[in-house]
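So the sequence lines, in the order shown, correspond to chains A and B.
Heads up, the first sequence is in the working numbering, so the first residue is 39 and it goes up one at a time.
Heads up, the second sequence is in the working numbering, so the first residue is 997 and it goes up one at a time.
Honestly, the hints are just simulated from the structure, not real lab data.
Any given hint might turn out to be false.
EDC-like cross-link-like pairs, simulated, lysine to aspartate or glutamate; straight-line CA separation at most 20 Å [unchecked claim]:
#1 K74/A <-> E199/A
#2 K52/A <-> E179/A
#3 K149/A <-> E1004/B
#4 K74/A <-> D146/A
#5 K74/A <-> D53/A
#6 K97/A <-> E199/A
#7 K52/A <-> D181/A
#8 K149/A <-> D1002/B
#9 K1010/B <-> D146/A
#10 K1010/B <-> E143/A
#11 K149/A <-> E1008/B
#12 K1010/B <-> D224/A
Examples of chain B residues lying across from chain A (beta carbon under 10 Å, computed) [what the hints assert, rightly or not]:
#13 S1006
#14 L1019
#15 L1021
#16 G1025
#17 I1027
Even glycine gets a Cβ: it sits at the ideal position worked out from N, Cα and C.
Each chain is listed here by its residues.
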Amino acid sequence: LLSASLDAHGVSGKDAVYLQGLNGPAIGPLMYLGAKHMVTGYDHLLFLVGVIFFLYRLKDVLLYVSLFTIGHSVTLLAGVLGGIRANPFLIDAIIGFSVVYKAFENMDGFKRFLGFQPNTRIAVLIFGLFHGFGLATKLQEFDLSPNGLVANIVSFNVGVEIGQGLALTGILIALTWWRSHRAFFDHAFATNAFVMACGFLLVGFQLSGYFLS
Amino acid sequence: MTMASDVETSVEAKQRLGVAAGLALLGAGLILVMGVLPAE
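Just chain A, same shape as in the assembly (with noise of 0.2 Å):
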């Protein structure tokens, strides 16, 4: 049941059927199409929630979720309108490690460690780039008619940014409402290891099924 749902993030069942036999323009499906993939997917979900925890001012949530928009849409448009192939089960996994990553730098850990602090701003963008290209190997699984192509690509990532946009609003109420009480603080560092494990256990996952494909 764990597998099948941590595998679930492919696009699958009637949506692969109806992506398969697609020959035409059809925006409105296809914009539906990569809203449900985002509020569905977890390990984009996941990252936001690691690149918004401490955020407290409406304008740092904007640039960082625009960095974040910006990196995904030119992977997710040139991967798939520029043929850009790679290892869906690699890009995956470098997600995974983004979630990772995210988590570690919310518990202090490179300014304890390293001593200093990456540019975060650039981390979201290069990881964003990374999420966009899941995106893409996601919809190379499919003989998409060229036919349309670049309409279906576009609806497909306006929706995207249509369910990340509804994701962000659920997630931002949830997190104010938590920051409001102390046990925000208490358990901080708590959540971000958690979350990390999360991510942790994306990465295996995904290079499980690297190495065993």
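Keeping the supplied structure of chain A fixed, place chain B upon it in accordance with the hints.
Chain B in isolation, oriented as in the chain A frame:
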């Protein structure tokens, strides 16, 4: 005295981080080996 205290705090924080990261890795590894991979 303050410097010694700072060093102690830093060592304690590093140990705490190390333990947390180790537990996170161990927990993820156990779930993977005992739950996820056998189901594959």
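Hints, verified against the model:
1. Distance check on the hinted pair: K74/A and E199/A sit about 11 Å apart at the alpha-carbon level, within 20 Å; holds.
2. Among the hinted pairs, K52/A with E179/A is consistent with the structure: their alpha-carbon atoms are about 15 Å apart, no more than 20 Å.
3. In summary, the hint linking K149/A to E1004/B is supported, as the alpha carbons are separated by about 16 Å, within the 20 Å threshold.
4. Proposed proximity of K74/A and D146/A is contradicted: the alpha carbons are some 33 Å apart, above 20 Å.
5. For the suggested pair K74/A and D53/A, the alpha carbons sit about 10 Å apart, so the restraint of at most 20 Å is met.
6. At most 20 Å may separate the alpha-carbon atoms for a hinted pair to count; K97/A and E199/A meet this at roughly 18 Å.
7. With a C-alpha separation of about 15 Å, the suggested pair K52/A and D181/A falls inside the 20 Å cut-off, and the hint holds.
8. Proximity of K149/A to D1002/B is assessed by CA-CA distance (about 14 Å); at most 20 Å being required, the pair is judged to hold.
9. For the suggested pair K1010/B and D146/A, the alpha carbons sit about 10 Å apart, so the restraint of at most 20 Å is met.
10. Pair hint K1010/B plus E143/A holds up; C-alpha atoms about 13 Å apart against a cutoff of 20 Å.
11. In summary, the hint linking K149/A to E1008/B is supported, as the alpha carbons are separated by about 14 Å, within the 20 Å threshold.
12. A threshold of 20 Å between alpha carbons decides the hint, and for K1010/B with D224/A the separation of about 18 Å falls inside it, so the pair holds.
13. Annotation: S1006/B was flagged as interfacial toward chain A, and the flag holds, the nearest CB pair being 7 Å apart, inside 10 Å.
14. Annotation: L1019/B was flagged as interfacial toward chain A, and the flag holds, the nearest CB pair being 7 Å apart, inside 10 Å.
15. A distance limit of 10 Å between C-beta atoms decides the matter here; for L1021/B the minimum to chain A is near 5 Å, and the interface restraint holds.
16. For the restraint placing G1025/B at the interface with chain A, the shortest Cβ-Cβ distance is roughly 7 Å, inside the 10 Å limit, so the hint holds.
17. Satisfaction of the interface hint for I1027/B is found here, the shortest Cβ-Cβ separation to chain A being roughly 6 Å, below the 10 Å cut-off.
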